[in-house]
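From first to last, the protein sequence lines are chains A, B, C and D.
Using this note's numbering, read the first sequence as starting at 416 and increasing by one per residue.
Using this note's numbering, read the second sequence as starting at 416 and increasing by one per residue.
Using this note's numbering, read the third sequence as starting at 65 and increasing by one per residue.
Using this note's numbering, read the fourth sequence as starting at 65 and increasing by one per residue.
A portion of the hints provided could be inaccurate.
Said to hold, decoys possible - The calculated DSSO-like cross-link candidates involving lysine-lysine, where the alpha carbons are at most 27 Å apart (straight line), are:
#1 C:98 x A:716
#2 A:547 x D:294
#3 A:616 x D:84
#4 D:211 x A:616
#5 A:499 x D:304
#6 C:269 x C:138
#7 B:559 x A:559
#8 B:559 x B:570
#9 B:647 x A:559
#10 A:647 x A:547
#11 D:304 x D:294
#12 A:592 x B:547
#13 B:716 x D:294
#14 D:211 x D:84
#15 B:616 x A:559
#16 A:616 x B:647
#17 C:304 x B:616
#18 B:616 x A:647
#19 A:616 x B:428
#20 B:547 x B:570
#21 B:559 x A:647
#22 D:269 x D:123
#23 D:138 x B:716
#24 B:647 x A:547
To be verified - Some chain A residues close to chain B (C-beta under 8 Å, calculated; not the full set):
#25 477
#26 482
#27 487
#28 608
#29 612
#30 618
#31 635
#32 636
#33 639
#34 663
#35 667
#36 687
#37 690
#38 713
#39 714
#40 718
For the record, the hints were derived by calculation from the structure and aren't laboratory data.
From the three backbone atoms N, C-alpha and C, an ideal C-beta is built for every residue, glycine too.
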Amino acid sequence: MNLSVKIGSLTLKNPVMTASGTFGYGEEYSEFIDLDRLGAIVVKGLSVVPREGNPTPRVVETPSGMLNAIGLQNIGIEAFLRDKLPFLRRFSTPVIANFFGDSVEEYVSAAEQLSGAEGVHALEMNISCPNKQAGWIVFGTDPKAMEQVVRAVRKATTLPLIVKLSPNVTSIGRMAKVAEESGADAVSIMNTITGMVIDVKRRIPVLANCTGGLSGPAIRPIAVRMVWEAYKCISIPIIGMGGIMNAQDALEFLIAGARAVAVGTANFVNPSATVEVIEGIGHYLLDEEIPDINDLIGSLKMVPRMQS
Amino acid sequence: MNLSVKIGSLTLKNPVMTASGTFGYGEEYSEFIDLDRLGAIVVKGLSVVPREGNPTPRVVETPSGMLNAIGLQNIGIEAFLRDKLPFLRRFSTPVIANFFGDSVEEYVSAAEQLSGAEGVHALEMNISCPNKQAGWIVFGTDPKAMEQVVRAVRKATTLPLIVKLSPNVTSIGRMAKVAEESGADAVSIMNTITGMVIDVKRRIPVLANCTGGLSGPAIRPIAVRMVWEAYKCISIPIIGMGGIMNAQDALEFLIAGARAVAVGTANFVNPSATVEVIEGIGHYLLDEEIPDINDLIGSLKMVPRMQS
Amino acid sequence: MPRYCNAVVDEHGFVSRHFKLLRLRPLSEMQEPKAGQFYMLQAGATSDPLLKRPFSLFKREDGTLSFLYRIRGKGTQSLARFRQGDSIRVIGPLGNRYPVPQGDFIAVAGGIGIASLLSLLEGYPGRAHLFHGARSAEELVMGEEVKRVAKEVIIATDDGSAGMRGVVTDLLAVRLGMTTEPLLPIYACGPTPMLRELHRVVADKEVRCHVSLEEHMACGVGACLGCVVKTTSGYRRVCKEGPVFDMKELAW
Amino acid sequence: MPRYCNAVVDEHGFVSRHFKLLRLRPLSEMQEPKAGQFYMLQAGATSDPLLKRPFSLFKREDGTLSFLYRIRGKGTQSLARFRQGDSIRVIGPLGNRYPVPQGDFIAVAGGIGIASLLSLLEGYPGRAHLFHGARSAEELVMGEEVKRVAKEVIIATDDGSAGMRGVVTDLLAVRLGMTTEPLLPIYACGPTPMLRELHRVVADKEVRCHVSLEEHMACGVGACLGCVVKTTSGYRRVCKEGPVFDMKELAW
Ligand SMILES: Cc1cc2nc3c(=O)[nH]c(=O)nc-3n(C[C@H](O)[C@H](O)[C@H](O)COP(=O)(O)OP(=O)(O)OC[C@H]3O[C@@H](n4cnc5c(N)ncnc54)[C@H](O)[C@@H]3O)c2cc1C
Ligand SMILES: Cc1cc2nc3c(=O)[nH]c(=O)nc-3n(C[C@H](O)[C@H](O)[C@H](O)COP(=O)(O)OP(=O)(O)OC[C@H]3O[C@@H](n4cnc5c(N)ncnc54)[C@H](O)[C@@H]3O)c2cc1C
Ligand SMILES: Cc1cc2nc3c(=O)[nH]c(=O)nc-3n(C[C@H](O)[C@H](O)[C@H](O)COP(=O)(O)O)c2cc1C
Ligand SMILES: Cc1cc2nc3c(=O)[nH]c(=O)nc-3n(C[C@H](O)[C@H](O)[C@H](O)COP(=O)(O)O)c2cc1C
Ligand code: FES
Ligand code: FES
Chain A
416 MNLSVKIGSL TLKNPVMTAS GTFGYGEEYS EFIDLDRLGA IVVKGLSVVP REGNPTPRVV
476 ETPSGMLNAI GLQNIGIEAF LRDKLPFLRR FSTPVIANFF GDSVEEYVSA AEQLSGAEGV
536 HALEMNISCP NKQAGWIVFG TDPKAMEQVV RAVRKATTLP LIVKLSPNVT SIGRMAKVAE
596 ESGADAVSIM NTITGMVIDV KRRIPVLANC TGGLSGPAIR PIAVRMVWEA YKCISIPIIG
656 MGGIMNAQDA LEFLIAGARA VAVGTANFVN PSATVEVIEG IGHYLLDEEI PDINDLIGSL
716 KMVPRMQS
Chain B
416 MNLSVKIGSL TLKNPVMTAS GTFGYGEEYS EFIDLDRLGA IVVKGLSVVP REGNPTPRVV
476 ETPSGMLNAI GLQNIGIEAF LRDKLPFLRR FSTPVIANFF GDSVEEYVSA AEQLSGAEGV
536 HALEMNISCP NKQAGWIVFG TDPKAMEQVV RAVRKATTLP LIVKLSPNVT SIGRMAKVAE
596 ESGADAVSIM NTITGMVIDV KRRIPVLANC TGGLSGPAIR PIAVRMVWEA YKCISIPIIG
656 MGGIMNAQDA LEFLIAGARA VAVGTANFVN PSATVEVIEG IGHYLLDEEI PDINDLIGSL
716 KMVPRMQS
Chain C
65 MPRYCNAVVD EHGFVSRHFK LLRLRPLSEM QEPKAGQFYM LQAGATSDPL LKRPFSLFKR
125 EDGTLSFLYR IRGKGTQSLA RFRQGDSIRV IGPLGNRYPV PQGDFIAVAG GIGIASLLSL
185 LEGYPGRAHL FHGARSAEEL VMGEEVKRVA KEVIIATDDG SAGMRGVVTD LLAVRLGMTT
245 EPLLPIYACG PTPMLRELHR VVADKEVRCH VSLEEHMACG VGACLGCVVK TTSGYRRVCK
305 EGPVFDMKEL AW
Chain D
65 MPRYCNAVVD EHGFVSRHFK LLRLRPLSEM QEPKAGQFYM LQAGATSDPL LKRPFSLFKR
125 EDGTLSFLYR IRGKGTQSLA RFRQGDSIRV IGPLGNRYPV PQGDFIAVAG GIGIASLLSL
185 LEGYPGRAHL FHGARSAEEL VMGEEVKRVA KEVIIATDDG SAGMRGVVTD LLAVRLGMTT
245 EPLLPIYACG PTPMLRELHR VVADKEVRCH VSLEEHMACG VGACLGCVVK TTSGYRRVCK
305 EGPVFDMKEL AW
């Protein structure tokens, strides 16, 4: 049985990775699972300059989901390469560096800095960030801004380049296409959906940042739909994520067209979620007698329904 | 204590209405609650020509939500006016007719037909429908298409005109602004978010229609955020909806800026949800010593947080 | 009379591996249910599971309502966790009813379909020829109750662990084929594939056949249009115009 | 040793109107916890509630873990529904610990904060001067246990139904003001407003003061950066570098 998939030039032993920002730099969950079993480790979003992040509360639970407004707190690329990457190099699992900036230049420097490092196997651009230079337009919701930043980063790295799309758009298919045409090797679908919870007693937003990103099972039907929509528009691989809690959820994404999947919020609920997803996918392939996971990807059938 | 609010020229005795498509034409739930208590009754979406709707399954549950793909089944405006409206006229509660079409002309005829009828107090345009004449572009996700259809309907009716916005857009603020500028008296925020669930055993979409609209508590944080975003952009009233299950949820919308709220999926779970929301809002105003609900609307405070 | 109220779990236990029997005591007086009607039962305490689930009334006695159900997915798994003393919100009785049988009749139950048919059988003891199909002997729950009220019980199981090995509609087809008198009316409840097979079996026969259908439901009261079935006169709501339909009216 | 495992509810009951005591028997051997550490407990059986909730270890005995908690919102309401025999997934022990007290010490507990402090008191019986604040007498749960292990118990309640009427930090301020010897080290756990008040009280004093903080948590293991607190050296994770912090390090 083959579980291995390719994302650009990168080969993963299985299609299950961690979602950025939900797995730190790998250390914390190494106490719970064997990191060698993962398809890839995607680390917390990095920037050239370290970021302090937002005041608290930064997280709040919502029905079958959670909002987070961490504010991209991170130690900066330099400290990551020096203090965190050596630990990750001990494992055979490829490391994908998620990064961001607030200008095209910052994205480019971040990509350059990360590309040189031994043990960084691919880059994932988080484009759900506002462009400081262009009136705080979010890169990921404006096709032009996105094209510009992806093209610039594409020139700056030879590593496989994954563009992580924002779901806060009218057409995910169009944005995926722009990413493809701008040189991305793959797209991740999807980042969190902007949401908000109000403390009605105090009449203030619960999160100090006011809004936050919605993740978890609540958004899964939206994420599966977006993967399926994008799959019809592009030919580069899709990494699917959004509310995956178990193997069955992951299979929905694969069948909809995702080449790989990422497990995010589920790690918080179940520190062994990633490993259980990998095992569950294996069992499914056995049960269904599918020898190669690549035969499952995008295998959704549209059948006309009998009227019951 | 004043619970009464105004939507255009329409005065509601309280800000709680039913969400279109979740309350039929009022008859079914009249066995459970006193329809006279409602702020308004919004009926299932109507079209000039009756619609058969989609094959089944039409509904499927998701984490803290549900997808529906009813396919806008309805008896047509003529039958509505003849067979359903007389029943609703027995109550003091204003009736808001939700309607749609698949071309600008159909929208206009629907609006005209409904405007003449005694007992229709306002119109709510569902613009989450594709325009057959313009390559099936969804009216509600394209500012130009929306402007065109709203302007045309505006000319066709003197009733208060509510435009029900689609959440499947990059900027709800912009769409709300377009609706306002095109002559809407109010906007409803929001319709369902497109989603999809896959039967992994059979590798087919669970819904016969493939995708469906996500509603219920899962989407509430997104809906509250959209109301708040739109509130900052427009000055016409907003009717907020999406996952309201109880008074506290409704209060989030009011505080975020909604002049009124609609209860949808909650009716299915709790047939007296609307009445409980009305009562709960009353208790809250008493407890908080707010004499007029209009003082609560949009009262969200942004306070800088102390670091804890 | 309110059709939405709180009920307390009076008893809740397994009757076989995947089947549980739930007895509820409604806290308000509710309408008197008729054979074939169903209730929407709260399945969880939070918004996941969100929707209520439809279950046929299995038995009504001493002011309690009993439901017999199979644990299938999230909703029934969650329902199965309610315990004695817990409270459950209930909507019902809902839907139409089995038409009153004149004289003897045939009942065809597939698996948990017996839950819906038992109250019909009990209403007219000694008049039903019951064709009861199940996956295995283990799933033929409530065998004793059934025998007491039916005139005759014919059993088929997929694995042959009780009665004939095979599907119950085949047994019925044989019986109908042998009969020379006018055919008895048929009442059926079971999985949709069984009902479709039944449809085929009776297609060319002079027989009144009423079936209780299942569809995914959101509201259960006719408001959402989620649960429709195609009939000769267009889509009809299973929760409102059904769940019992004349087989002839189904556009199958 | 696994820090994520299944546990069975051994006992679960109310100790006062809003407080419950939950005793769990982990099904695998777990790491030995230290005073001040906490566990993330599964709060529901479905995805609502979704996240685990953090609770201080209240007591460890005979291979069981006990937690004392106040029912507040959705998560604790849901947790309160678990019954004897149910299984609950548990992550822990997590976080740092109270530094080992040298000699006598002062403990300041606000409300449910006693849950975290009790294991410290039990580890060093007869050495704690406990200042215990609560809304009312009813919320002074575990009074007997506390008295047995503390050297002295000083009580304040908001409504005066037990001890002094007022806040416990005022009593502490008076005590510290009267003391002429070097001040005993302070260990505190309670609602953030109480800890802030304590911060004020000790600000100008020569005293070591360790506080156990609360923050909204998603992961509990240091991965999400949801639970930070501002310290003199930047944001620190309450679940990892805490929950116990030296008051001096907090940028309050
Ligand atoms: C009028 C009526 C009466 C019924 N009476 C009984 C009964 O007495 N005993 C009993 O065990 N079952 C009965 N059912 C079926 C029962 O409602 C479903 O088994 C239950 O809703 C499944 O919920 P779930 O969340 O456990 O399963 P899911 O995980 O949602 O799905 C499991 C299976 O059940 C089907 N299903 C899901 N939701 C529904 C739904 N709302 N209606 C029908 N099928 C559904 C799915 O297609 C799937 O095949 C009845 C259904 C109807 C419509
Ligand atoms: C390290 C630590 C140890 C704790 N030990 C105990 C204990 O032993 N006993 C006890 O009763 N409580 C303890 N708490 C607090 C407990 O975690 C919260 O009361 C619980 O998570 C509330 O969940 P809820 O869903 O019921 O409340 P919610 O409805 O989520 O909120 C109710 C209140 O609890 C606060 N809250 C919500 N989530 C958290 C969270 N994850 N962490 C902290 N506060 C939160 C909210 O701000 C709100 O004020 C501890 C918290 C921490 C961080
Ligand atoms: C606490 C938290 C922090 C996150 N941080 C990042 C980040 O730094 N960069 C990024 O691209 N995505 C980030 N995400 C988004 C996730 O990687 C993922 O896209 C999203 O959570 C949906 O998946 P899930 O529902 O499985 O969590 C974060 C999500 C969470 C919950
Ligand atoms: C079964 C169903 C049918 C609906 N039909 C319509 C409709 O005909 N017209 C419309 O504008 N919105 C329709 N909606 C959307 C609701 O009016 C509402 O905007 C949405 O469900 C969000 O609110 P809720 O989460 O409270 O249900 C429908 C929703 C559901 C669940
Ligand atoms: S379930 Fe809503 S109409 Fe039948
Ligand atoms: S709760 Fe996730 S870092 Fe502390």
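Outcome of the hint check:
no., hint, in the structure
1, C:98 x A:716, "violated (42 Å)"
2, A:547 x D:294, "holds (26 Å)"
3, A:616 x D:84, "holds (26 Å)"
4, D:211 x A:616, "violated (37 Å)"
5, A:499 x D:304, "holds (17 Å)"
6, C:269 x C:138, "violated (40 Å)"
7, B:559 x A:559, "holds (19 Å)"
8, B:559 x B:570, "holds (17 Å)"
9, B:647 x A:559, "holds (26 Å)"
10, A:647 x A:547, "violated (33 Å)"
11, D:304 x D:294, "holds (14 Å)"
12, A:592 x B:547, "holds (25 Å)"
13, B:716 x D:294, "holds (23 Å)"
14, D:211 x D:84, "holds (20 Å)"
15, B:616 x A:559, "violated (40 Å)"
16, A:616 x B:647, "holds (22 Å)"
17, C:304 x B:616, "violated (31 Å)"
18, B:616 x A:647, "holds (22 Å)"
19, A:616 x B:428, "holds (24 Å)"
20, B:547 x B:570, "holds (21 Å)"
21, B:559 x A:647, "holds (25 Å)"
22, D:269 x D:123, "violated (32 Å)"
23, D:138 x B:716, "holds (24 Å)"
24, B:647 x A:547, "holds (21 Å)"
25, 477, "holds (5 Å)"
26, 482, "holds (6 Å)"
27, 487, "violated (18 Å)"
28, 608, "holds (6 Å)"
29, 612, "holds (6 Å)"
30, 618, "holds (5 Å)"
31, 635, "holds (7 Å)"
32, 636, "holds (3 Å)"
33, 639, "holds (5 Å)"
34, 663, "holds (6 Å)"
35, 667, "holds (4 Å)"
36, 687, "violated (20 Å)"
37, 690, "violated (19 Å)"
38, 713, "violated (10 Å)"
39, 714, "holds (5 Å)"
40, 718, "holds (6 Å)"
Violated hints for the displayed structure, listed by number in ascending order: 1, 4, 6, 10, 15, 17, 22, 27, 36, 37 and 38.
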